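Asker: Residue numbers (the numbering used here), protein chains in the order written: chain A, 1 to 194; chain B, 1 to 211; chain C, 1 to 225.
These are computed hints drawn from the structure, not numbers from a lab.
Here the structure is a predicted model, which is why all the values come from computation and not from measurement.
C-beta: ideal position from N, C-alpha, C; glycine also.
Check the hints yourself; a few may be wrong.
Computed spacing ranges between beta-carbons, pair by pair [as the list claims (entries may be wrong)]:
{"id": "1", "chain 1": "C", "residue 1": "Thr148", "chain 2": "A", "residue 2": "Val149", "range": "38 to 48 Å"}
{"id": "2", "chain 1": "C", "residue 1": "His219", "chain 2": "B", "residue 2": "Trp178", "range": "17 to 27 Å"}
{"id": "3", "chain 1": "B", "residue 1": "Glu104", "chain 2": "C", "residue 2": "Thr148", "range": "38 to 48 Å"}
{"id": "4", "chain 1": "C", "residue 1": "Pro83", "chain 2": "B", "residue 2": "Gln23", "range": "11 to 21 Å"}
{"id": "5", "chain 1": "B", "residue 1": "Ile77", "chain 2": "C", "residue 2": "Glu35", "range": "25 to 35 Å"}
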Amino acid sequence: MNESLSQIFIGTLLTNNFVLAMFLGLCPFLGVSSRLGTAVPMGVATTFVMLVASVCAYALNLLLNYFQLEFLRLISYIVVIASSVQLVEMVMKKYSPALFRALGIFLPLITTNCAVLAVALFQTAREYSFSQSLVFALGGGAGFTLALVLMASLRERLQLANVPTLVQGTALSLILAGLLSLAFMGFAGLGAGE
Amino acid sequence: MSLPNQADEGITFDTFMEGVWRQNPVFVMVLGMCPTLAVTVSAVNGLSMGVATMFVLVSSCLLVSMIRHLVPKEVRIATYIVIIATFVTLVDYLIQAASLALYEALGAFIQLIVVNCIILGRAEAHASKNPPLKAVVNALGMGVGFAIGLFALGATREILGAGKLFGITLFGDNFQPWVVMVLPPGGFFVLGGWLLLFALLRSRKEGKVQA
Amino acid sequence: MSEPIQPQTTPGSKMIATMALVASICGVLIVGAFEGTQDAIAENKRIMLERAVFKVLPGAASVREYAATSAGIQPLAAGAALPEGGVKFYAAYDQAGVLKGVAAEAAGKGYADVVRVLYGYDAERQVIIGIGVVSMRETPGIGDKIITDQAFLKNFEALDVRVNAELTALANAVKVVKHGSKTDPWQIDAIAGATVTSKAVGRGINDSAQKLMPLLVPHIAELKS
């Protein structure tokens, strides 16, 4: 598809937001979004992993196609992602231990974040060029962070509100997510051409 | 020397039912959400995804359990991931060979089964510590629970959003489909609704036991 | 009572050996599945393609894949790569081996994602005679009307895609116009309330025809055999 870079970015950030429109990255979305302080670093860390994964996936894909080993695609992508997450963990532990502790278990869980693997798989399926893939990963990560920040802000506010016990927790998050998703549907058609 | 643990209890009915009711991955543990919401626009899609995930879950847990004594603990997560990815690749090809229409409907989410937290979680928490038969029964229970969850969601969204079930139109011409239900926001709302229902049922049950 | 367990790190060789064992088991499983299913998958794809082509070119009985390049048209073996700058199209023949028409794919970005259609082209009259939606994720009840809306589909019963005299492009670009304002045979009447999706279809067809027709029309006689 001959999409321009800005179309890809806006499309992935708003119209086809990874979390609110394509249902990717929901586990961390529901798990980490209770506080703004953890939401932003999580989003940034995930975006970084997505960029690394995107570059590696592009290179891997060229290799796999050359040697006609397409059936190894899924395994190689996931191994690369797991390694990138290990790398990010080690770097964060060294340079920002407080942040590392704050994110806790959710950092290694970036490996199982479907959004990261989805970036790699989708860019391969849509046959994006290198720059298109990078922009796609950036848009995806930014969209994920945007959704996280919105959710965290809403949930922080709601902690002071009178919510019935039954609704509290995940059910409330899902209803909030539904409303956000409904709002984001308003972006549909953005950048669709003349 | 192994410490006394669940492995010594043998296989009970609870081993199976644990995944279906008490620890249902969709309604109780709220895990593996991505495919749950994305694919359940119809009952058939939900069910197929549930069955595909169950296949990967059971085969992965079987293999993990069979080699559990051989795998050193430092590399266990990496090993489990490779095993799961293998079975997902298998399922991917099997579905393509069986029905291309179904493959188009389920889309990328077949390959995304590999990052479904349920499978890695079960492999780590249960299959790596139990003999093969017990691991398989437990995985089957989880898989069935997951499939039931996906089916419930898919059916609700299809009935409300398209007025059909399994493609069979249920209502007359006057029915105005609640289209948002088959769109992303609807997925969130319907799952939230089901969770509310389950929370209600559980609190009633606990209320009766305490009183 | 169990002795205190010494924390021991596993020797590197054991880790490597285990990973190698697991990798071999998995490798065998994957390759086995791949080889075992390739034939069935290729067959499924062929059936789906035929079904789609027969739908837009009624009366067809067999399909042959071709690539159109600036050098001419050449048959494309199943699964072969498309030559540089080539456009893929399908030639459909009826039971007697007579050319019924040509089918090609068109894709345009719609409301939610890419809308892909297959269109049937009548070489004699240089018009598109039908479309079939291959894949789309448009809004149910609104965008998906492109499949069911009879008035919209009528646009494609004789859509003019004649090539200009220089054989460089279409004589008139295919354009989507507001519902009810169609005046020329190369225009498409959009569906009221579903303009984005309608435009996606129109744009896709225009892009595809602009690329394919100038390359195909000079060589159309070669297909007739």
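Asker: Could you run down the list of hints and mark each one as holding or not?
Answerer: Evaluation of the provided hints:
no. : hint                             : result
1   : C:Thr148 to A:Val149: 38 to 48 Å : holds, 41 Å
2   : C:His219 to B:Trp178: 17 to 27 Å : violated, 52 Å
3   : B:Glu104 to C:Thr148: 38 to 48 Å : violated, 19 Å
4   : C:Pro83 to B:Gln23: 11 to 21 Å   : violated, 56 Å
5   : B:Ile77 to C:Glu35: 25 to 35 Å   : holds, 30 Å
The structure fails to meet hints 2, 3 and 4 from the earlier list, while all remaining hints are met.
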